[in-house]
Amino acid sequence: MTDTLVRPETPVALDSVDRAALIDSVRRSLADRCTQADVRRIMDSETGHDPALWRALAEIGVTGLTAPESAGGAGLGAIELELIMEEAGAALLPAPLISTAIATVLLDGERLASIVDGSRIAAVAFAGTHDWTGRSDVRIAGDRLSGTARFVPDAAIADTILVATDDAVFAVDRGDVDVTPLPVFDRTRRMADVAFHGPATRIGDASRVAAARDIGIVALAGEQAGAARRMFELTVAYATERHQFGRAIGSFQAIKHMAADLLLESESATSAARDAARQVAEGSATKDAAVPLAAFACADAFVRVAKDGIQMHGGIAFTWDHPAHLYMRRARSGAQLFGDSSHWRERYIRALEAQA
Amino acid sequence: MTSDHLQAEVDAWLATHWQGLPAHHESFGRDPRSAWLAKVRDAGWAVPRWDAEWGGRNLSNERAKIVERAFAAVGAPGAGQDRSNLWANTALAHATDSFKRQIVPQLLAGEVGMCLLYSEPGAGSDLAAVRTRAEKVDGGWRINGQKVWTSGARVADYGMLIARTDWDVPKHRGISFFFLPMKQDGVEVRPLRQITDEAHFNEVFITDAFVPEENLLGPLNGGWGVLQTALAYERSVMGDAARGPRSGAGGPKGDHSLLGLAREAGRLDEAVVRQDVAQVIAWRVLNKLNTARAKAEMAQGTSSPIMSLGKLAMSRILHEEARVRTMLLGSESLLEGPEHPRAEDANFLAFNAYFTSIGGGTDQIQRNIIGERVLGLPKEPEVDRTIPFREVRAG
Ligand SMILES: Cc1cc2nc3c(=O)[nH]c(=O)nc-3n(C[C@H](O)[C@H](O)[C@H](O)COP(=O)(O)OP(=O)(O)OC[C@H]3O[C@@H](n4cnc5c(N)ncnc54)[C@H](O)[C@@H]3O)c2cc1C
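For the record, the sequence lines run as chains A and B.
Mapping the first sequence onto this note's numbering, position 113 (from 1) lands on 113, and the numbers just tick up by one.
Mapping the second sequence onto this note's numbering, position 395 (from 1) lands on 395, and the numbers just tick up by one.
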């Protein structure tokens, strides 16, 4: 069965009041259900996933944020997705939001509706030869897939695995593949290897793959920008409270100057993520530069803020109980998720060359 | 009036008046474009957000942007100086009404040349330590002292001067802010040769020079506050201006964008070169995006602290761009002279980057400001903050 690949509805544009209300409802929900204690509980669980939290997010519409209204979604676009991801990043939300956003671009019909209402979860493997990671080795013969997609986020909890190859997108039920969860360093972002050895449903050609990847990067960039800002705020607060030599450590220039540089990093990440989201939403002619720019600028900024943030905290941040390492783990895992920063700088300069 | 009407009006005005300008611009001294700028001023486009009383049109920020965009679309300068003209904004905020009426229109049209008389041999980063003195005399003030690093002093008609008016109070509280007329016997300007081999900045020796009463800006002994407004404007403009290299004056003009230079140098296929070029271009774009966000968040007339990030970002961009240009040129960067404009550009930039990282407050001071004013981190202890300036150690 091949679903039709037309997406007739254009995203709804929210005004600033509605947008603020949406963000506020997500923020409140995360404050209730995704405290640091929750993050740690979920991180320590076997699956790294909390179905109750996911249901709650589905109820306020987060799982269907960018899905069309006909599929039960909110019909919003990349701009709102990015802003919501800033909140999710700040809270270190361990949930398959990025996978869901990507799947929303690839899916239609029933499959999409069940993702939107939160009853099913989709994971996505990018397995084309144009893929930069060299991680996957998936072969197609007719409508059968073989080989392995590596490091697929959320695969172990997914009901459906989507595979985006060079010329088609396939859907496979979880029961028809072998999923091997990986012992990941960042336990708030679970990944698994997925081995294929049987039938798959071709759900469309490759025309949506680039758009799906763009959405994934916008979502990740938003997550990184929001997480960088929160880690930065924690650091500044600590530098104000912690006293040594009879004064707050934030009054020492060594600390103050690092803080000023980190502010530049975290504000730049926010600018980059929001600009990429806007350009994707508007289908701008220069989005092929804006998306890679956000990919490396946000990844690099978050790594730097997380890293220097630990240094500025001193020994306390080296303890398991302090949240700093959770941010550092997130920063490091996000920086590899869609390829590393050098890869994206290369894609950025290629886009600039193409524009010139 | 609707936005459409405004758009139509400004477009029509530009269609009638704008014929282009010779491409020359000096940021100090009398502006060679002043005939054009005067027209812009008289039409009210120079400062659209200001009151009509001061030559503006009382427009909201949104609508003022329509004006600025219309000017930008045809490449005409002079609009939107309410965001960028350091001199006019400082005067508008702090000058006496009578002096404002005289000076503001001239500043908007670039009819008077200006310079900044802040730094002294003993007061650079620590501007509150100025020792130039202003003493009350009949009808005004008598000034004595020495200033240094004064850009544009030779062509300036006025200098924005900070001088000490009370020596018996702590240093920040005894300073006043003046518009000093430069063309008078008591003001001697000596050019200083710079590391770029130019001589834009100078030493200024002030001996019994006179400032009329009405040229005092802000309250007597309240000059520190005025200086803060002026510095905030200066720094935001420095972070905003996409200062590039001096375009190879006189020489053959190649494509001097970083990407173009890498291509010309035949090195655009080297992975490391591509990474470096991409990173510098990215920083420039990020700085523009930050500035756009800061401006969008900024209410009209106030200075945004986030704007002070721009100057710090620009320092990094310029120093790094100079490094990458030099790398791209290789041994060509050893040369100079009009036949080697690319080398001149790279070498000039390597030095001129300090204009941004030292001028207008060093990067270190900028980080202190961001840490303290934006992030609210505790201030550094200042040992001389509370003692009368007379007792402060200098040197
Ligand atoms: C190209 C150029 C043009 C200029 N034009 C003008 C002009 O038109 N008018 C004008 O008035 N001035 C001008 N200046 C002067 C400029 O503002 C000063 O040079 C600058 O503020 C630094 O002062 P200083 O040179 O006395 O250095 P210092 O203050 O002596 O600083 C020396 C070093 O110590 C560091 N330092 C000092 N205090 C601190 C602190 N509290 N914390 C950390 N580090 C510190 C500085 O960052 C610097 O690295 C210009 C300078 C340049 C380079």
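By construction, these hints were calculated from the structure, which means they are not laboratory data.
The structure displayed is predicted, hence computed values, not measured ones.
Each hint should be verified, as a subset may be incorrect.
Said to hold, decoys possible - Distance ranges between label pairs, derived from CB positions: (1) Gln184/B - Gln244/A: 37 to 43 Å; (2) Leu220/B - Gln253/A: 50 to 56 Å; (3) Val155/B - Gly315/A: 46 to 52 Å; (4) Ser98/B - Ala13/A: 36 to 42 Å; (5) Asp185/B - Gly246/A: 50 to 56 Å; (6) Arg385/B - Gly315/A: 28 to 34 Å; (7) Ala211/A - Gln275/B: 23 to 29 Å; (8) Gln19/B - Arg28/A: 30 to 36 Å; (9) Ala13/A - Asp166/B: 57 to 63 Å; (10) Ala13/A - Asn58/B: 26 to 32 Å; (11) Val184/A - Gly122/B: 17 to 23 Å; (12) Ser84/B - Phe318/A: 44 to 50 Å; (13) Arg242/A - Asp166/B: 47 to 53 Å.
All residues carry an ideal CB built from backbone N, CA and C; glycine is no exception.
Looking only at beta-carbon atoms, does the pair Arg385/B, Gly315/A fall within the given range of 28 to 34 Å?
33 Å, holds
Pairwise beta carbon distance, Leu220/B to Gln253/A, judged against the given window 50 to 56 Å:
34 Å, violated
Range hint 57 to 63 Å (beta carbons of Ala13/A and Asp166/B) holds or violated
Holds, since Ala13/A and Asp166/B (Cβ atoms, about 58 Å apart) stay within the stated range.
Would you say the C-beta atoms of Ala13/A and Asn58/B sit inside 26 to 32 Å of each other?
30 Å, holds
Given the hint of 30 to 36 Å, check if Gln19/B and Arg28/A actually sit that far apart at their C-beta atoms.
58 Å, violated
Honestly, do Ser98/B and Ala13/A meet the 36 to 42 Å range at C-beta?
51 Å, violated
Within 46 to 52 Å or not, the Cβ separation of Val155/B and Gly315/A?
For Gly315/A against Val155/B, whose Cβ atoms are near 57 Å apart, the range 46 to 52 Å is violated.
Holds or violated: 37 to 43 Å for the Cβ distance of Gln184/B and Gln244/A?
Roughly 54 Å apart at Cβ, these two residues miss the hinted range, so it is violated.
Okay, Asp185/B versus Gly246/A on CB: inside 50 to 56 Å?
53 Å, holds
Quick check on a hinted range of 23 to 29 Å for Ala211/A and Gln275/B, using CB atoms only.
27 Å, holds
Is 47 to 53 Å right for how far apart the beta carbons of Arg242/A and Asp166/B are?
39 Å, violated
44 to 50 Å was suggested as the range; check whether the CB atoms of Ser84/B and Phe318/A agree with it.
47 Å, holds
Of the numbered hints given earlier, the model fails hints 1, 2, 3, 4, 8, 11 and 13; all others are met.
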